[in-house]
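Those sequence lines, one after another, are chains A and B. Once you know that position 419 of the first sequence is 418 in numbering that gives the first Met the number 0, the rest is easy, because the numbers rise by one and skip nothing. Once you know that position 77 of the second sequence is 76 in numbering that gives the first Met the number 0, the rest is easy, because the numbers rise by one and skip nothing.
The set of hints was computed from the structure by calculation and includes no laboratory data. Among these hints, one or two may not hold up.
Treat identical chains as interchangeable: a pair holds within one or across any two.
Simulated pairs of lysine-lysine, DSS-like, Cα-Cα distance not exceeding 25 Å [as the list claims (entries may be wrong)]:
#, residue 1, residue 2
1, K405, K219
2, K252, K115
3, K255, K150
4, K17, K37
5, K271, K405
6, K362, K404
7, K318, K390
8, K255, K307
9, K17, K271
10, K374, K405
11, K115, K255
12, K111, K405
13, K347, K256
14, K197, K169
15, K2, K65
16, K251, K197
17, K350, K404
18, K270, K370
19, K2, K301
20, K150, K37
21, K362, K350
22, K401, K301
23, K251, K219
24, K404, K115
25, K111, K37
26, K197, K300
There are 2 protein chains.
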Amino acid sequence: MIKPGDIQRYMQMRNQYKGQLIIHPIMTGGIVPEEVQKRILEEGWTKVGYALCYDCIEGRSGLITKPPVKEFLQNIAEFFGGDIAEHTFGCRVAQFAVMKAISDYVENERPKDYAKVVVTDPLCHYSTGIAAEMTGFRMTEPPYSGYPEYKVEAKGFAERIEEIRRETGKLPGLIVVTHVEPYYGNMNPVEEVGEIAKEYDIPYMVNAAYTAGVMPINMKDFQADFLTVSAHKSMASLGPLGFLVTTYEWAKKLFKKSVILPEWSGRAFGKKIPNIFGCSVGGISLISAMYSFPYVIERVKKWDEELKKVRWFIEEMEKLDDLMMIGERPHRHHLTHFETPLFWEISKNHKRRGFFLAEEMIKRNIVGLHKGLSKHVKLSVYGLGWNEVRKVRDAFYEIAEKYVKKFNLEYRVSSPLAETPTSEGEEATS
Amino acid sequence: MIKPGDIQRYMQMRNQYKGQLIIHPIMTGGIVPEEVQKRILEEGWTKVGYALCYDCIEGRSGLITKPPVKEFLQNIAEFFGGDIAEHTFGCRVAQFAVMKAISDYVENERPKDYAKVVVTDPLCHYSTGIAAEMTGFRMTEPPYSGYPEYKVEAKGFAERIEEIRRETGKLPGLIVVTHVEPYYGNMNPVEEVGEIAKEYDIPYMVNAAYTAGVMPINMKDFQADFLTVSAHKSMASLGPLGFLVTTYEWAKKLFKKSVILPEWSGRAFGKKIPNIFGCSVGGISLISAMYSFPYVIERVKKWDEELKKVRWFIEEMEKLDDLMMIGERPHRHHLTHFETPLFWEISKNHKRRGFFLAEEMIKRNIVGLHKGLSKHVKLSVYGLGWNEVRKVRDAFYEIAEKYVKKFNLEYRVSSPLAETPTSEGEEATS
């Protein structure tokens, strides 16, 4: 029985973290600019899920010209150095579409040349694994270097390719590299792997979920056949929404139109693209991405400034006793992963255990640490103003100081001395 | 080159139809109540695509308890008479998930008993065909009765099953019936087909995209194994969002957790459900569905009142010379399809050709007719107040009258006489 209390609860549902500073690494690149949120409200785009579909003539949202979705997708392709783009129900569906297309290609067109194996980087997002599982790929990886950098080298891909060739007599059907991976924020050697893919003639996908929309990306530099993008992760957009960008050559296979023919009616669905579920998003998430696009075009030009903040923040955090960033140095992405033995020690004494850290941050109006974790933390200061970056640093220091004193722990916490660079101005850029 | 003019255009994008009365048959069941839109704004849910993910502990949005997503999905299952529900990137992804699960079942567990064939109703939505195509099903259909009712009988399904059995020596792997189909708004014999499915022991899916959330639905009445639902079509929700409801028995296969094991890292993604892409929507569309759920629970109780409006509207429209509803009588759904020779005749004389009709309606602040069509129109008065239903009727009459006079056509258009029932009150219920 659905209880009246449950029903009441849905109506009263609050956004508990409204107004807080967001440092969740999957969120900071997706924060929708105030101006865009305002436009969404003013224009009443929250009224109906099919808000873009009034003037759909051809029966696929990617072909709508009023509003200019079709042109937008052309601009998206261009922005990322590709020829053709379609929008998808998120980056994971873009990855699935690639694997589905390659699966068909390997099985139906090139079964003698390619095995149904995908070589991925060893720290790819889980959605890459899920896409492989859904499409029946075996998944293999080159190694990473291990603690504390976890770097991946391009030559590992060549080794895996050779192994697969020895084992099956065929090449892997697909290589996937996550441009920046979601565990440590390391940038993978996408250009070098692109060289290898070209050399072996293996289709090559770069998953740019964490980078496309925050830093300049040109898939031609990677020699990639496919680029997958997350609008709600890195393009200042609501979700779910992703983009799949490819070349003219691959577009024919990847975005092949429907050919199924039901046996009695003989109806055809010839405008629909099966690999993206026929027709994709036609509402608010796509609208927000379109509004945000001009803003995204501008912000990627300021990536160096963002990296400065990230590196300053890492330096400051590492002044805390025993605290260390895990991942490559110098760091080239806003996703940062720290091991935090100090906070782990506190958690053992704290009645809220590992939850204390995220909760203390929330008390300071900073949200986004994974609840329950204190031994390691992952966060991002992307898009924050210098004053906000300092606020985040100060919060960690305050919490450390408070509990080191309270629990009388053998850690040394000195108050942060470094001021944020003043030449950059104090106002938030987010 | 991305031209500055393009960029400007995105920023200036307007909602051209803001404030208009919506009669688009895929939209009326999805209109988000004013109160819900207001809550979304007040709570700031438009800030980030992962708005529900702050308190995600387990790594799958369906397991989040703050806000109560997990409980919501339990309530959804219950509301539709099922045991287990998951949310999906739209009803099409729910349908795909079912076909993927059945594909695996047929191929891996019961290859001797079932053929990779799906029997669908002959007027199913294209997304059913796309799901079949994506998962490699052959698709066959029983016939419909033809003009003007296009009715489908349950016995046609039994005949197709027998044909497939004769041909392949096996049963079809899946039966799919669209509860109400999207061409004429006919209600299919879901209970009778459920009997047949049970008799033959064939898995059975009912696609309730056009009904679940507008009228009372209990999948047990259909003896369905799977119910697919569209939140943005029929649950007063933003999109993309769907629900997939099933039984305890099938949930094990349908929502099976990931088992892929990447060959170097050995990472496992054990909380993720591959058939729904690991983890589904975590933002605004799910939030809107949760806010709207109490409203949906109440509105399905008033379905009879909605049907009264629909039937009154049909009766009134058919008083226009030569105009006729296509589809079953009495009509049992809000999607109505009319053949409109009068408007077709006008279009031949009008400089805007077939576009004149939708454009004339828009001038009267009524949006949702398919642009360019005048020989047939599809529309829905679901959720409109009686005064609004009358307004829609009057608009058609006015347009007919205006052009019959202007082009001196041989049609008879008398001003509408029937008043809407006054006992029901005049205020909009939408």
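Consistency of the hints with the structure:
1. K405 x K219: neither (55 Å within a copy, 59 Å between copies)
2. K252 x K115: The answer is both: 17 Å in one copy and 24 Å across copies each meet 25 Å.
3. K255 x K150: Neither: 37 Å inside a copy, 33 Å across copies.
4. K17 x K37: both (16 Å within a copy, 15 Å between copies)
5. K271 x K405: neither (63 Å within a copy, 40 Å between copies)
6. K362 x K404: Cα proximity of K362 and K404: one copy only (19 Å, versus 71 Å across).
7. K318 x K390: within (16 Å within a copy, 70 Å between copies)
8. K255 x K307: Cα proximity of K255 and K307: none, with 43 Å in one copy and 44 Å across.
9. K17 x K271: neither (39 Å within a copy, 28 Å between copies)
10. K374 x K405: within (19 Å within a copy, 79 Å between copies)
11. K115 x K255: Both, since 20 Å and 22 Å are each at most 25 Å.
12. K111 x K405: This pair counts as neither: shortest intra-copy Cα distance 67 Å, inter-copy 69 Å.
13. K347 x K256: neither (58 Å within a copy, 33 Å between copies)
14. K197 x K169: within (16 Å within a copy, 46 Å between copies)
15. K2 x K65: between (44 Å within a copy, 18 Å between copies)
16. K251 x K197: within (19 Å within a copy, 42 Å between copies)
17. K350 x K404: within (16 Å within a copy, 82 Å between copies)
18. K270 x K370: between (45 Å within a copy, 17 Å between copies)
19. K2 x K301: For K2 and K301, the Cα distance is within 25 Å only across copies (20 Å; inside one copy 51 Å).
20. K150 x K37: neither (42 Å within a copy, 47 Å between copies)
21. K362 x K350: within (16 Å within a copy, 65 Å between copies)
22. K401 x K301: Neither, since 36 Å and 58 Å both go past 25 Å.
23. K251 x K219: Answer is within: at 18 Å inside a copy they meet the 25 Å cutoff, but 43 Å across does not.
24. K404 x K115: neither (57 Å within a copy, 67 Å between copies)
25. K111 x K37: So K111 and K37 fail the 25 Å test inside a copy (55 Å) and across (58 Å) alike.
26. K197 x K300: neither (29 Å within a copy, 61 Å between copies)
Of the numbered hints given earlier, the model fails hints 1, 3, 5, 8, 9, 12, 13, 20, 22, 24, 25 and 26; all others are met.
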